[in-house]
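K.L.:
The chain contents come next:
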Amino acid sequence: MARIELRGIHKRYADGFHAVKDLNLDIPDGEFMIFVGPSGCGKSTALRMIAGLEGISEGELLLDGEVVNELEPKDRDISMVFQSYALYPHMTVRQNLAFPLRIAGRPKDEIETRVNEAAAVLQLSDHLDRKPANLSGGQRQRVAMGRAIVRSPRAFLMDEPLSNLDAKLRVQTRTELARLQRRLGTTTVYVTHDQTEAMTLGDRVAVLNAGELQQVGTPRDLYAHPRNIFVAGFIGSPAMNFIAAELQGGEIRTARGDLPVNDWWRERLTGASPNQSVILGIRPEGFSDAALEEGTGPEFDVEIEVVESMGSDLFAYFSPESTGARSQSLDDLAQQSGLGDATASRPGEQLVARLDPMSRVAVGQHARLRIDTSHIALFDPETGLSLADHESTAPTLTSA
Amino acid sequence: MSTVAPARPASPEVAERSPKKRKGQGTSPVLWIGVVFVVLFCLFPFYWLVQISLRTSQDIGVAALYPPNPTLSNYSDVFQNDDFVAGLRNSAIVATVTTLLSVLVGSFAAYALARLRFRGKFTILALILSVTTFPPIAIALPIFQLWTDLGLNNTLIGLIIPYLTFALPLTTYILTSFFREIPRDLEEAALVDGATRFQAFRKVVVPLAAPGMATAGILTFIFAWNEYLLAITLTTSKAARTVPAAIGNFNDTAGGGYAQPVGLIAAASVLISIPLIILVLAFQKRIVAGLTAGAVKG
Ligand SMILES: Nc1ncnc2c1ncn2[C@@H]1O[C@H](COP(=O)(O)OP(=O)(O)O)[C@@H](O)[C@H]1O
Ligand SMILES: [Mg+2]
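If you read the sequences in order, they're chains A and U. Numbering follows the numbering used here, in which position 187 of the first sequence is assigned residue number 351; successive positions increment by one, without gaps. Numbering follows the numbering used here, in which position 192 of the second sequence is assigned residue number 188; successive positions increment by one, without gaps.
Keep in mind that a hint or two might mislead.
[Unchecked claim] For each label pair, taking beta carbons as the anchor points, the in silico distance ranges come out as: (1) A:Gly219 - U:Val101: 26 to 34 Å; (2) A:Ala178 - U:Leu142: 35 to 43 Å; (3) A:Ala268 - U:Phe130: 44 to 52 Å; (4) U:Gln195 - A:Phe181: 41 to 49 Å; (5) A:Arg176 - U:Tyr224: 53 to 61 Å; (6) U:Arg113 - A:Asn233: 48 to 56 Å; (7) A:Gln247 - U:Pro25: 51 to 59 Å; (8) A:Gln247 - U:Ile153: 47 to 55 Å; (9) A:Asn233 - U:Tyr224: 53 to 61 Å.
Read the hints as simulated data drawn from the structure, not as lab findings. None of the values given here were measured: they were computed from a predicted structure. Note that CB positions come from ideal geometry on N, CA and C, so glycine has one too.
With the hints as constraints, model all of the structure from the sequences given.
P.N.:
The following block contains the structure:
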């Protein structure tokens, strides 16, 4: 059990590459903390610094209030699950599980009990005498987990532990992992590039990009109050829609039409200059099919280009009237997160609405979409920052 | 249509593969003749040695493909020969110690070359390997001079040291490629599991590199066991003379200085080949795997 604190941590590699920049985080005892971000953003580097496998260039790492920057990995009493699992190929499952205990010089009978317990928890009891080469991917993953839990360390570190599993097993293992962590109550730092994993697993999520911490908060908080365009676009699937707009006389003007600024936003926009250009962010579920239900809120006519029916949801794609939102932050987002590839277009060039599956919208036809103005976000196109003071706990803007 | 299409590209592939397979099975008589020829060519000298070792000294000159009066007397005689027995003992010590030291020191060097990041790593590896290109004859005399000054002539340690200089580059080279293929993750996992660097090396890296160590060890053993030039240069008596050098000296001792004890030499040669043949046959697969490791994956 441990509280992990990162204070102004930097990592500069020998080749001069600045992989982690001024990372500040306080992970309380027992928390399940997720590091999420696009590939190469420094997640693994941060995790390896906590493990002691990578030196800390600047800043302080504290375990339970004690600075451990110079402590060897073996003296930190933290266990780690590697993306490759890193099982010892020449040892049986039993020997793999026993390894941390044997190194620690624990008595034989204690090793035996602990290994058997861990094996029972992870359903490995029948495979204890097999070598890793003869195990399935899921079993190997569980052995790696078992080796981490067997010695009851102060914290678990996991570097993309599910990324080598197939999609179905990944979802299943994800649930088991969350349950196991809750039961053991051990502080856990979990690295992933998959925002779905981040949103479903963690107590809190830290979003990293290009070595910098973008935002840290509960999954709900990140979804509802992204601090900047990067977080807004990275969290949520399909991604948030971005539309170029202008603030004018209490209205948000877009090429499609005007939206009123609701009270919540009005309070926060007092400092905004008149005619300020902004980037309007609307989650896909911020749209609804006006033909289906009565309601209030601004409505727009759009021409539907693609319809994807997922059974429980229906995604309708359409283009913004204008050339779409333009901003340096959006370009960065598209480039760094690979979102551009995922949606076959850059963010801002195609919009998507998540509609009720009963909706009758069809490709090539016009549809009338209503916007729920409580679901909007506004960003400064220059800085990419949200125009809302995101620290305040807002009553609206929650996901449905 | 669409269900038929994928099947099409597969069939020429099958057709292409089958003749190759037939060739690979080696049913062609030409190939067999070739194999038999090569095997005979390689084994004939050894057969000649064996059949000479089974002749009496009177029969040595008889022109025949087999011994006229086969006898094992050469074998019992050779064990009566003090020089040979002392040589066996010296060879066993020199080859074993050289092998152990070379694998031990070589694995430390190879680990550093494979794992640590430092400037001029490639240059160092190239330098180490270049040592093996010196012909032993070029260094035999300087070493003899040096050993005379240091009092290491005619000692076992005086043989082990130069043998190590020849064995270490090869050992280091083989082991470097083995260590390189062991994922770094495994060592790091050991470190977070509570191991020291040395424990991680001993409990994770060494067991995984064992085939490489076996290969390097066997090759070193064979080299040290067979080495002749330095052995005759640096030894003068049975105190340090290894078996090849002792056999080379049978001329002077056993026959009283004039008769050539050909049968005795042959028997001794057969005897000292046996441990190597057993070793190589037992570890054949490992040696091949060890020599190609790294080369395949590049
Ligand atoms: N040993 C190293 N030397 C130099 N740069 C490195 C080293 N290891 C990682 N990097 C760089 O640091 C960045 C962050 O790497 P990493 O933490 O592994 O990213 P990820 O978020 O995908 O886990 C990457 O751009 C990577 O190229
Ligand atoms: Mg990584």
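K.L.:
Return the numbers of the hints above that this structure violates; sort them in rising order.
P.N.:
The structure conflicts with hints 4, 6, although it agrees with all the remaining ones.
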